[in-house]
Amino acid sequence: MANITRRVLFLSAALSLVLSAQSYAFTGVTKDGYMFCMTEGLLMDLTSFMAESDDDSIREYFADKSCAHLKGGMHVTVIRSSGYFDTRLELEYKGVRIWTYREAVELDPDK
1499 MANITRRVLF LSAALSLVLS AQSYAFTGVT KDGYMFCMTE GLLMDLTSFM
1549 AESDDDSIRE YFADKSCAHL KGGMHVTVIR SSGYFDTRLE LEYKGVRIWT
1599 YREAVELDPD K
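The numbering of the sequence shown is my numbering, which starts it at 1499 and goes up by one.
Simulated from the structure, these hints should not be mistaken for lab results. C-beta: ideal position from N, C-alpha, C; glycine also. There's no promise every hint is true.
Beta-carbon label-pair distances, calculated as ranges [stated by the list, open to error]:
1. 1551 to 1525: 17 to 25 Å
2. 1604 to 1536: 19 to 27 Å
3. 1540 to 1569: 28 to 36 Å
4. 1605 to 1555: 27 to 35 Å
5. 1551 to 1531: 17 to 25 Å
6. 1531 to 1553: 13 to 21 Å
7. 1532 to 1558: 17 to 25 Å
8. 1561 to 1532: 16 to 24 Å
9. 1532 to 1592: 13 to 21 Å
10. 1545 to 1570: 19 to 27 Å
11. 1554 to 1604: 12 to 20 Å
12. 1606 to 1561: 28 to 36 Å
Here are the computed lysine-lysine pairs in the PhoX-like style, where the Cα-Cα straight-line distance is at most 20 Å [claimed, not checked]:
13. 1592 to 1563
14. 1529 to 1592
15. 1569 to 1529
16. 1569 to 1592
Using the sequences and the hints given, assemble the complete structure.
Written as structure tokens, this is what we have:
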């Protein structure tokens, strides 16, 4: 019984490492038509506002420059993902870190 418990604990620990925040060093190019925010929390808020069709809050985030439209064609480095099943990425562009959606970046498979 103790052997089974150890195996379960080991598998649980291994799985939690795999599913925790991923660290990357990939490069990619941004796509047009997506938004970004300065922090992961702001991007999560923006996602909620969009789901609720809260246009006033969306406009407020854009007005104070917390979030903006992503320009396509920027060469970026993917710093990390918020998790294995999540769709948010932290990117770095010319020393500035931003958060956007995974779909907003075409990853370079060679790097």
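Evaluated hints:
For the pair residue 1551 and residue 1525, the supplied restraint of 17 to 25 Å is violated, since their beta-carbon distance comes to about 35 Å. Between residue 1604 and residue 1536 the Cβ separation comes to about 22 Å, which falls inside the hinted range of 19 to 27 Å. Between residue 1540 and residue 1569 the beta carbons are some 18 Å apart, a value that contradicts the proposed interval 28 to 36 Å. The supplied range of 27 to 35 Å is met by residue 1605 and residue 1555, whose beta-carbon atoms lie about 31 Å from each other.
Restraint check, residue 1551 to residue 1531: a C-beta distance of roughly 19 Å satisfies the suggested window 17 to 25 Å. Against the hinted window of 13 to 21 Å, the Cβ-Cβ separation of residue 1531 and residue 1553 comes to about 18 Å, which satisfies the hint. A beta carbon spacing of about 19 Å between residue 1532 and residue 1558 agrees with the range 17 to 25 Å that was offered as a hint. As the Cβ distance of residue 1561 to residue 1532 is approximately 19 Å, the hint placing it in 16 to 24 Å holds.
Between residue 1532 and residue 1592 the beta carbons are some 18 Å apart, a value that agrees with the proposed interval 13 to 21 Å. Under the hint 19 to 27 Å, the C-beta atoms of residue 1545 and residue 1570, about 20 Å apart, fit the expected range. In this structure the hint that residue 1554 and residue 1604 lie 12 to 20 Å apart at CB is violated, the actual value being about 33 Å. Our hint of 28 to 36 Å for residue 1606 and residue 1561 holds, since their Cβ atoms are close to 34 Å apart.
At roughly 18 Å between alpha-carbon atoms, residue 1592 and residue 1563 fall within 20 Å of each other, so this suggested pair holds. Restraint check: the Cα-Cα separation between residue 1529 and residue 1592 comes to about 17 Å, which is no more than 20 Å; the hinted pair holds. For a cut-off of 20 Å, the pair hint linking residue 1569 to residue 1529 stands: about 7 Å separates their Cα positions. A C-alpha spacing of about 14 Å is found between residue 1569 and residue 1592, which places the hinted pair at or below 20 Å, so the restraint holds.
Checked against the numbered hints listed earlier, the structure breaks hints 1, 3 and 11; every other hint is satisfied.
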